[in-house]
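Undergrad: Line by line, the protein sequences give chains A and B. Numbering of the first sequence is given in the working numbering, commencing with residue 1 and proceeding in unit increments. Numbering of the second sequence is given in the working numbering, commencing with residue 1 and proceeding in unit increments.
Treat each hint with caution, since some may be false.
Copies of one chain are not kept apart here, so a pair can be met inside one copy or by any two copies together.
Pairs of lysine-lysine residues, derived as DSS-like cross-links and limited to a Cα-Cα distance of at most 27 Å, are as follows [as the list claims (entries may be wrong)]:
| id | residue 1 | residue 2 |
| --- | --- | --- |
| 1 | K296 | K129 |
| 2 | K296 | K118 |
| 3 | K87 | K296 |
| 4 | K118 | K159 |
| 5 | K155 | K296 |
| 6 | K319 | K155 |
| 7 | K296 | K319 |
| 8 | K155 | K129 |
| 9 | K319 | K129 |
| 10 | K319 | K159 |
| 11 | K159 | K87 |
| 12 | K118 | K319 |
| 13 | K155 | K118 |
| 14 | K129 | K118 |
| 15 | K155 | K87 |
Note that these hints are calculated values from the structure, not bench results.
Protein chains: 2
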Amino acid sequence: PCSNGLLDFAALPSFDAQQIDRAERSMWRYRSMLLPDGVEAISLGEGWTPLIGGQIDDRDIIFKVESQNPTGSFKDRGAALLVSVLKAAGASLIHDDSSGNAGTALAAYSARAGLRAKLFVPGYASPSKLNMIRLYGATLDAVEGPRSAATEASKAAAKLGDSVYASHIGHPFSVLAYRTIAYEIWEQLGQRAPTGIVAPLGHGSQVLGLMDGFRDLLTTGLIAHLPRVVGVQALACGPLLARWQGQPSSSEGSTLAEGIRIVNPIRAEALLDGLRECGGTIVGVSEEQIIDGLNKLGRLGLAVEPTCAVVWHGWQQVKDQFGPEATIVLSLTGAGSKTPQLDQLLR
Amino acid sequence: PCSNGLLDFAALPSFDAQQIDRAERSMWRYRSMLLPDGVEAISLGEGWTPLIGGQIDDRDIIFKVESQNPTGSFKDRGAALLVSVLKAAGASLIHDDSSGNAGTALAAYSARAGLRAKLFVPGYASPSKLNMIRLYGATLDAVEGPRSAATEASKAAAKLGDSVYASHIGHPFSVLAYRTIAYEIWEQLGQRAPTGIVAPLGHGSQVLGLMDGFRDLLTTGLIAHLPRVVGVQALACGPLLARWQGQPSSSEGSTLAEGIRIVNPIRAEALLDGLRECGGTIVGVSEEQIIDGLNKLGRLGLAVEPTCAVVWHGWQQVKDQFGPEATIVLSLTGAGSKTPQLDQLLR
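The whole structure should be built from the sequences, with the hints applied where relevant.
TA: Take a look at the structure:
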């Protein structure tokens, strides 16, 4: 337990490249970093996603296509690991609060594991977003009020005892699982680190996992430097951007990038420390820039959700800070096929 | 050219396991079977999809998760190869007729290749299905009348000259690309063939590709027998089922399995011959069985579209023809996240 009530690991094994199962087509090629021997990995084929090249304004860019995970987002990695751990620990009923990618992923992996799952969702969540969760057989509990009301209901349920609170935020397994994105990028680049990585930033779980993963590789001497990580927030809801710039946070508005619409990010200190350590930064993009990025990525054959379309203009803001020879990875965290009212965003 | 106006290959290289690029995370690990040296492969990371185990009614089953392709269906393999060939041949503008997975895939790969694409679609196609095609930047041409009117418009456009008819049906590249599904299953099973494969059946392109691919492996002595392929049609539109059973085809109705709602399948003779050769068969499922299969697969953590949900009850119909030790692969051809009105199908 951390001082703020979150859980973290006391110790983890060192990264060992010899332990990579190179025949395994999923994130479980790094199984030795994720689970003790003998614990069953609950898998739908998550991870080992494509790393494909492209060009933006005559500059070479590399996309990590996390949208190609089983339920369409990088959250599948975290859900796979968390559900594996909870099942091994004897859970039969779990719950969490999310109406988005994390909830979809948890429902899918619970189904895969044969666990019952309950999702507390805001009462205002659109039915179309909840259909996938229902298809996976999870129970939905709509909670009236703001998003935080669903979290409170979820916490309260945990105290009743028969269900395990499978918080994708509070447990440290998601961030651990996201280290595999770093390992994969390293392998797929031919065992080297990129110069920079641009990723959406909400709670910061993915960014933390990326930084942790590359720190593992640095510690074991497999890379010579950490990539500079650029976290991109929506200007409409940018509490970490405000802190990074030393300003009071006043931006808690609505944004198309609903997956990173996080007013009170947790693990913020670790995140800001990590960004300073690697020479990274935080930038913000407008709603119009999100829409433009969505369409620009589409014209490259990449259909993503608005949440990760932030990386397009995020990259535009920092590109002059990287030389022309820099190896830049843009993380495409979620698929566009489930974007509501896509027709209104097409340009 | 074949007698019916379709195109086919005069000769193809033999399958050579030594040529597999085992470090490549996509169908291009079989590049030597697909493209001549020097031709650029247009790729979004298609293929090398997960093969994951599961259970249906206490019988072990293996799922080939084609829904995890870049645009959510196995059609990405065909589009990647076709667009690679057309780009190498100098095309700059291409067109096809499809409002479904094939059109989506062609639009995405055209964008990736920097080709302009036009899709002729039925006037009744739902706007939500066309949004992804628009996001990829393809031009849409809505054609009033039945589905066949879009095909006629597409053929007519080909005669005007400046655009290449990139028919995913008429060209033989799709079927060639689908051979890679067979190669992957063989590799992922530890270099052996399954006993049986159950797959949705419309025009039969995937089934033909699977049979061709395993025939390649048989010819080169890498497997000892062909898997028995079971094609599943919707009873509401089952012309190949009718022919298989020696009955006049009278079933041309509407079905939820819109991806296999094919009234006049082409390459039918080759398909029926192939099924006889491998000891396969064709079965049909009702609309209620499609809905049931969709929900049953969902409860395993697999969200698929109605078109490929046919495999659940297709398998139920043939399972007694396979012993308990049989290795059975169910092909999950398309993702469920784009299913229209999913809420009405949830049970």
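Undergrad: Quick check: which numbered hints come out false for this structure?
TA: Per hint list: 5, 6, 9, 10, 12 violated.
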